[in-house]
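There are 4 protein chains.
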Amino acid sequence: MDFPKVFPLPDAWLLHRVSYGETDAMGVLYYAEYLHIFERARGLFIRQRGMGYAKVEARGILLPVREAWCRYRSPSRYDDEIHVRCGIVEWNRASLRFVYEIKNPDRDRLLAQGGTEHACVNRQGRPVGVPDWLKELFGRQA
Amino acid sequence: MDFPKVFPLPDAWLLHRVSYGETDAMGVLYYAEYLHIFERARGLFIRQRGMGYAKVEARGILLPVREAWCRYRSPSRYDDEIHVRCGIVEWNRASLRFVYEIKNPDRDRLLAQGGTEHACVNRQGRPVGVPDWLKELFGRQA
Amino acid sequence: MDFPKVFPLPDAWLLHRVSYGETDAMGVLYYAEYLHIFERARGLFIRQRGMGYAKVEARGILLPVREAWCRYRSPSRYDDEIHVRCGIVEWNRASLRFVYEIKNPDRDRLLAQGGTEHACVNRQGRPVGVPDWLKELFGRQA
Amino acid sequence: MDFPKVFPLPDAWLLHRVSYGETDAMGVLYYAEYLHIFERARGLFIRQRGMGYAKVEARGILLPVREAWCRYRSPSRYDDEIHVRCGIVEWNRASLRFVYEIKNPDRDRLLAQGGTEHACVNRQGRPVGVPDWLKELFGRQA
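If you read the protein sequences in the order shown, they are chains U, F, P and C.
Counted the way the numbering used here counts, the first sequence spans residues 1 to 142.
Counted the way the numbering used here counts, the second sequence spans residues 143 to 284.
Counted the way the numbering used here counts, the third sequence spans residues 285 to 426.
Counted the way the numbering used here counts, the fourth sequence spans residues 427 to 568.
Treat the hints with care, as some may be off.
Cross-link-like lysine-lysine pairs, in silico, BS3-like; alpha carbons within 30 angstroms at most [claimed, not checked]:
(1) Lys277(F) with Lys197(F)
(2) Lys55(U) with Lys419(P)
(3) Lys529(C) with Lys197(F)
(4) Lys561(C) with Lys245(F)
(5) Lys431(C) with Lys561(C)
Partial selection, computed: residues in chain C whose CB lies under 8 angstroms from chain U [unchecked claim]:
(6) Trp439
(7) Tyr457
(8) Ala458
(9) Leu461
(10) His462
(11) Ile487
(12) Leu488
(13) Val491
(14) Arg492
(15) Ala494
(16) Arg497
(17) Trp559
(18) Glu562
(19) Phe564
(20) Gly565
Stretch-level coverage of chain P by chain U, calculated; a stretch enters the list once three of its residues show a Cβ under 8 angstroms from a Cβ in chain U [to be verified]:
(21) 321 to 328
(22) 390 to 402
(23) 410 to 420
If you are wondering where the hints come from, they were derived from the structure by calculation, not from laboratory data.
All C-beta atoms in this analysis are idealised placements derived from N, C-alpha and C, irrespective of residue type, glycine included.
Please construct the entire structure, taking both the sequences and the accompanying hints into account.
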């Protein structure tokens with residue numbers, strides 16, 4: 001997956017504190033936990049647009065992950081506060097792509113970056129075109 | 143929760159290899175992971191009786207956890223093989239209790255023990271009496 | 285484990301948003317995740333006393349969990365905001381006990397409660413008496 | 427990341443049973459859990475070569491993940507048995523890349539595929555050239 005040169009707007013910033021349970025025997029944030037944290041940032045992004053993802057699902061649209069990717073640049077440790085940025089980088093007919101950056105509290109050092117591609121499906125799991133209301137919603141400024 | 147003096151039969155033994163993702167910065171199996179592993183042993187116990195828990199749910203009976211408990215005696219580390227025993231210690235009208243032991247590969251050292259109490263509910267989440275077929279099923283020898 | 289009638293002070297309240305990754309196929313917060321959330325609340329409690337747990341460890345004192353317990357009263361779902369309270373209920377010579385409550389945002393409904401007992405050990409894992417500075421620290425008002 | 431046309435040999439196959447704790451509210455294996463399962467398959471691959479990863483670390487070589495990637499093709503559900511294949515696709519001076527496939531029990535349907543790139547570092551976290559013994563070890567037939 002490729003990462004955009006300029007981070008897309010609108011964006012959302014999640015503050016996350018690394019817990020003990022997220023670390024591993026190397027003493028650092030375990031690599032799978034980044035995808036959990038990306039999901040938290042994605043949830044915040046959607047909520048800040050004006051409607052939580054739970055409501056998106058209640059309207060009959062699900063966004064299962066079709067692809068995920070993460071580049072680990074600098075490890076995080078227990079009790080570190082990390083800042084996670086999320087935005088949408090690409091819309092397709094029946095899918096969309098989020099990108100993520102994790103930074104230190106001063107937001108001047110990149111710790112990790114990643115992306116997730118989501119299909120747009122109905123409750124039966126069938127691909128559907130991204131509805132206009134969803135596109136409009138996710139494009140809103142906070 | 144109290145632990146029985148003699149481990150109840152029938153029982154099931156799960157072999158589990160500690161993964162890196164299950165360890166924490168202390169270098170040991172993280173305390174919440176024991177509940178995941180208990181769940182795996184419980185699933186094996188049920189499957190060995192002759193019907194997986196997925197089928198129990200398909201028949202309309204769910205067994206949500208109402209209480210869980212674990213005593214950590216000796217830590218496990220990455221790549222350790224641990225042996226997890228599971229059995230049912232108590233039946234009530236609308237609930238049942240499982241107990242668990244975790245041992246080393248020689249099964250002569252107790253690493254942890256625990257218990258979980260489960261309500262018996264229908265798909266709407268309402269408590270129902272334990273059905274006879276479930277009681278008969280879970281009491282079967284392997 | 286028994287739960288105190290009056291919640292001990294000082295206490296700390298953690299706000300936690302249930303993520304998708306914390307839910308299970310029943311659609312609710314998975315039972316092992318409560319122990320992760322208790323750990324987050326415990327970490328906040330310690331930080332609010334004036335020194336993070338990372339620094340406690342850096343001073344040579346580790347507090348591994350010896351026993352954990354949780355009673356699940358009412359399930360939480362994706363995107364729910366839950367309020368987690370943490371305090372210390374008991375001091376022993378070489379151990380201490382935390383208790384936890386999880387409530388709804390109005391804090392008028394109890395969703396879960398639990399407890400963890402921690403040994404006090406040095407870097408070699410040997411039990412040591414709770415140091416005076418730790419007892420003083422953890423007893424401080426925020 | 428690109429995926430090879432022919433799966434590299436030697437390889438290892440891990441059998442994995444999807445637990446309840448690995449599923450999410452969509453009723454499927456949560457996307458971050460794939461990285462845990464890849465790690466289990468990688469650990470098996472290394473163990474089958476003749477020396478567990480714990481021993482590799484004890485010899486002073488750590489292999490932290492620098493990049494991870496997964497493509498989700500078909501969801502897995504509670505109690506599904508999945509077969510996870512792991513092999514090494516690329517060696518660089520100070521890094522190596524693993525690839526993974528997840529298949530159904532008949533191994534005729536691809537459920538997911540992925541890859542991880544690992545730096546080769548010493549205990550101080552400094553990049554070091556891949557030692558000959560490691561390269562020889564990981565290339566061994568089972």
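For this session: May I ask you to test the interface hint for Val491(C) with respect to chain U, counting a Cβ-Cβ separation under 8 angstroms as satisfied?
Result: This hint holds: Val491(C) lies near chain U, its Cβ roughly 4 angstroms from the closest one there, short of 8 angstroms.
Exercise. Minimum Cβ distance from Leu488(C) to chain U below 8 angstroms?
Worked result: 7 angstroms, holds
For this session: With chain U as the partner, please determine if Gly565(C) meets the hint condition of a C-beta pair closer than 8 angstroms.
Result: Cβ of Gly565(C) sits 24 angstroms from chain U, so the hint is violated.
Problem set entry | 30 angstroms limit on alpha-carbon distance, applied to hinted pair Lys431(C) and Lys561(C) | 22 angstroms, holds
Exercise. Holds or violated: Arg497(C) as interface residue toward chain U, Cβ cutoff 8 angstroms?
Worked result: Since chain U brings a Cβ to about 5 angstroms from Arg497(C), closer than 8 angstroms, the hint holds.
Problem set entry | Status of the hint placing Trp439(C) at chain U (closest C-beta pair under 8 angstroms) | 21 angstroms, violated
Exercise. With a cut-off of 8 angstroms, does the beta carbon of Glu562(C) approach a beta carbon of chain U closely enough for the hint to hold?
Worked result: Violated. Min distance 24 angstroms.
Exercise. Would the pair Lys277(F) and Lys197(F) pass a check requiring their Cα atoms to be no farther apart than 30 angstroms?
Worked result: Distance of about 15 angstroms is within 30 angstroms: holds.
Exercise. Does Ile487(C) pass the interface hint, meaning its C-beta sits closer than 8 angstroms to a C-beta of chain U?
Worked result: Since chain U brings no Cβ nearer than about 12 angstroms to Ile487(C), farther than 8 angstroms, the hint is violated.
Exercise. Should the hint that Leu461(C) touches chain U count as held when the rule is a Cβ pair under 8 angstroms?
Worked result: Result: holds, 4 angstroms to nearest chain U Cβ.
For this session: Against chain U, run the beta carbon of Ala494(C) and see if the smallest gap drops under 8 angstroms.
Result: 5 angstroms, holds
Exercise. Hey, does the Ala458(C) contact hint survive, CB to chain U under 8 angstroms?
Worked result: At about 4 angstroms, which falls below the 8 angstroms cut-off, the nearest Cβ of chain U leaves the hint on Ala458(C) intact, so it holds.
Checked against the numbered hints listed earlier, the structure breaks hints 2, 4, 6, 11, 17, 18, 19, 20, 22, 23; every other hint is satisfied.
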